[in-house]
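Novice: Given the coordinates of chain A, assemble chain B onto it according to the supplied hints.
Below are the chains, spelled out letter by letter.
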Amino acid sequence: MIGAYAAGATASLLAPRSARTARALGHSGLCVGALAGVALAIRCTAGGASGTTLRVELPSLFPFAHLSLVLDGLGAFFLLVVSIVAVAAAVYGPAYLRAHGTGSPAVEVLGINLFVGSMALVLCAGDALTFLLAWEGMTLASYTLVVSEGGEADAHAGLVYIVMAHAGTALLMVVFLSLASHAGSFDFAAIRAAATALSGPERSVLFFLALAGLGAKAGVVPLHVWLPLAHPAAPSHVSALMSGVMLKVALYGVLRLGLDLLAPAAGPLPPSWGWTVLVLGSTSAVIGVLYALQQHDLKRLLAFHSVENVGIILMGIGMAMLLARRGGAADALAALSLAAALLHTLNHAAFKGLLFLGAGSVLSATHLRNMEQLGGLGRRMPWTAWLFLTGAVAISALPPLNGFVSEWMTFQALVLGGGQLRGGAGLAAVVAASALALTGGLAAACFVKAFGVTFLGRPRSARAAEAVEVAPSMRAAMILLAAVCVVVGVVPGYVMSLLDAPVVRLLGGAGPSALVTVRGPLVLSALGAAGAGTALSMTAAAALFAALALLVWGICAWPRAAARRLAPTWTCGMTPQSRFDYTATAFAKPLRFIFAALYRPRREVEKETGPTPYVLRRLRWEGDVVDLAETELYQRLQAGVMRTARAVRSRSTGRIHGYIAYVLITLLLTLLAFGRG
Amino acid sequence: MGRATPWALALGQMALLVLLGPLVTGVIQKLKARLQCRRGAGILQPYRDLTKLLRKGTVQADTAGSFFRAVPVLVLASTCAAAALVPVLFAPPAAGSASPLPLGDAILLLGWLALGRFLTAVGALDAGGAFGGMGASREMTVATLVEPVLMLVVFSVSVVAGTTDLGAIAGHLSLRRGSFGAPDILALFAMLVLLLAETGRIPVDNPDTHLELTMLHEGMLLEHSGPGLFCLVLAHHTKQIVVMALVQALFLPWIPASTAPFALALGLGAFAARTLVLAIFLALVESSYAKLRFFRLPQFLGIGFLSAFLAVALRLL
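These protein sequence lines map, in sequence, to chains A and B.
Once you know that position 398 of the first sequence is 398 in the working numbering, the rest is easy, because the numbers rise by one and skip nothing.
Numbers in the working numbering are just positions in the second sequence, counted from 1, shifted up by 1000.
Derived by calculation from the structure, the hints in this document are not laboratory data.
Coverage of chain B stretches by chain A, computed from C-beta distances (three or more under 8 angstroms per stretch; other residues unrestricted):
(1) 1068-1081
(2) 1129-1136
(3) 1139-1145
(4) 1148-1155
(5) 1220-1228
(6) 1293-1307
C-beta atoms are modelled at their ideal positions from N, C-alpha and C, and glycine is treated no differently.
Isolated chain A, as found in the complex:
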């Protein structure tokens, strides 16, 4: 698998003359690598509840550590997620870059192969050093792809991205190096054994450091500011990979460290971990979707939705951490919660990949990303439109697609778990469930806007009016991901066996296929206390829905005397034109008003009236919203850094006496502080 990625990367370097060949060769390398990844992952997760663990020793490159690759159930599941989206991206890529690519083909193809390859390596890493090296490779490769299309804005996005990513990596290095110094080896097995000897506070400090480092990569609020800048800047199939998959690699890190390497040997995890993750998750989910609502750039909107979905996954992980190893019904609910988080990982990869590819199709057909200039694409690009609608229904957590299934499981875990925990923790869990419902509602509103303004109504620009449907290979990639959405939505029971290996690996006890699909693969059940529980058959529900739709369609299509007529929409007597269509800004206005405290909306209106105030000659409207994290946190941070820098500068006079005095003062202070013992 790794070989194929490497081959894809080198092939692109060997054939630089023809852009087309380079892209085709590079992406086929990617495709072969990803298919190998799927095969490997399925082999690893299919080994029943325990899963199969593969181990490969790498040649020693460093004198102080040996490198190894270990793929266990947890890594294999994430590898599966990465590989599925990578296959779609590989199929999609060549045609997309031909239509819309502006960068150098060699860089693009090299970058994407290295990017996916190093993500796979992170998931397979058997020791801390390999993990960190591959992690860094992933950051650098994706940085290359972010800036590959050129342009001032992309360069800025890349800069913010790489600074945040490296800040995260630095924290991770601190965590891993201190763990390795305890263990005397970089190997995960040795670290796991040594970590049991850590004291409670040490363990917690390391976990929170790691959470901050990984959170920067996963885009957890308030560390998300790079994400809406960097993800839209990359080519769309790379955005799909970054948003759908790279964030998941960071979540893999949270699971690996929180529930595996740093977890205490026995007994429940410290409650503060679960609380923190649950609160971070709920905040990210709500804030992410609220900011997504106010975006008019299709890809930026989708990037903010990634913040939201990472939040939803973290809610599941946090609840699992709170409930884990408490014994009795709580254990089963912890497994349900973790299974929900993992399933949402897969689901988000599928529908976010689909939506980014859909946005890429719009981009390659019109070269526009601003929704306010699009519209009416549904009739010109029916395939893209219906597939985008599928993704929109899935991400809004509406039945009968996959987003609903994983959110249903999260709801059950939060509510039944809240009933188990009771007290403040239980109340927090139920309120988190209500926040999840708010997130779902806001996401639905956001995607009515995104889909409606982009694909429906009249075209708002000449380019949108002349768009044509995209190439078959691009459609095929979208169909692949849409099929994942439908299959996981309608027969989720069959996917549960894939979740067995990771859940059992992390929590022990029974796997989700024994708990959730206890009544056969067609029924999902969530067990509450004392025999009560909820069961749901998505298959039956979807069959009922399909049957009803057919019945209603039959009634409506019954031949009748009056035929279907076409007529222009009534616009109060004026000639209908695209300016009558509701815009994205207008659509989101009520919510902008209601959540004004968060958005701090700014607007400027300039009116030029005729002889009476009722005759309007010209109107100029300008408005935007701010990201509170950016203005309140980062700009203040930046101002602080600048102030300190100025203060230092004003004291750096260039005279040698001054510097000698500073050295002496520092020495004195150091001796006072550390010289007592």
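Specialist: Showing chain B alone in chain A's frame:
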């Protein structure tokens, strides 16, 4: 119990709700007319309107595409699928064991209703007029505020019952009838606030108007006609009775647990009586209050959120 019986019961109850939906609207309209000292149309008027729509042809906006035609069908189907999930005449005594292929729970019910709303809004944007967009925007805004509160109300009951299955909740509550405590009262109050919002009635929405300043739901239906409009109107009637049945299943569950014909008839009578009470409530509120300004709605729904939150807090703390 055989494999077919739970399905047959669910489908029977669904058909009953779909058939009775327009009647409830007719009753509410008649009551409103009487309260306003008018004679009003007969209570069967909604059925006449529906059959008229079904016979008519369709005029479609020339900008609209395949979505516009598909939306009404899918909306009615999803609302009917929701109707199959509320217990009306019969609540299984044991939780979750009634059916080998359970059709769903309260979360799926709200999911189907949300799907219907999502698709209606999409259809409204396809026609390409400002009214449709305005209606869609407002309806989705209200929905985002209603949905978390509705979930919280459901959860306030299900943390006690240990399930979100409506049949099991109704069965569980029927067993311990008479213990109607403070949390139930608070949650019921929140649910009544939400009932006004979900059925699109004053003070949230005004179902009688087509004035652009006031309408939410009607704005989205403006460009539909003929059988398409039939589907959307029937879906709206059905949604209203489904939400009413949801209130009853969560808070007033005197629903028989047996499938004997006599028990079913008793259940039907009880359902009719409770629905009539809720219909009178809606008619009274509609006749005695004015519609709230749109941007006052968050405060109105905030009352609902507060009491639902208190209900959950009382249950758990």
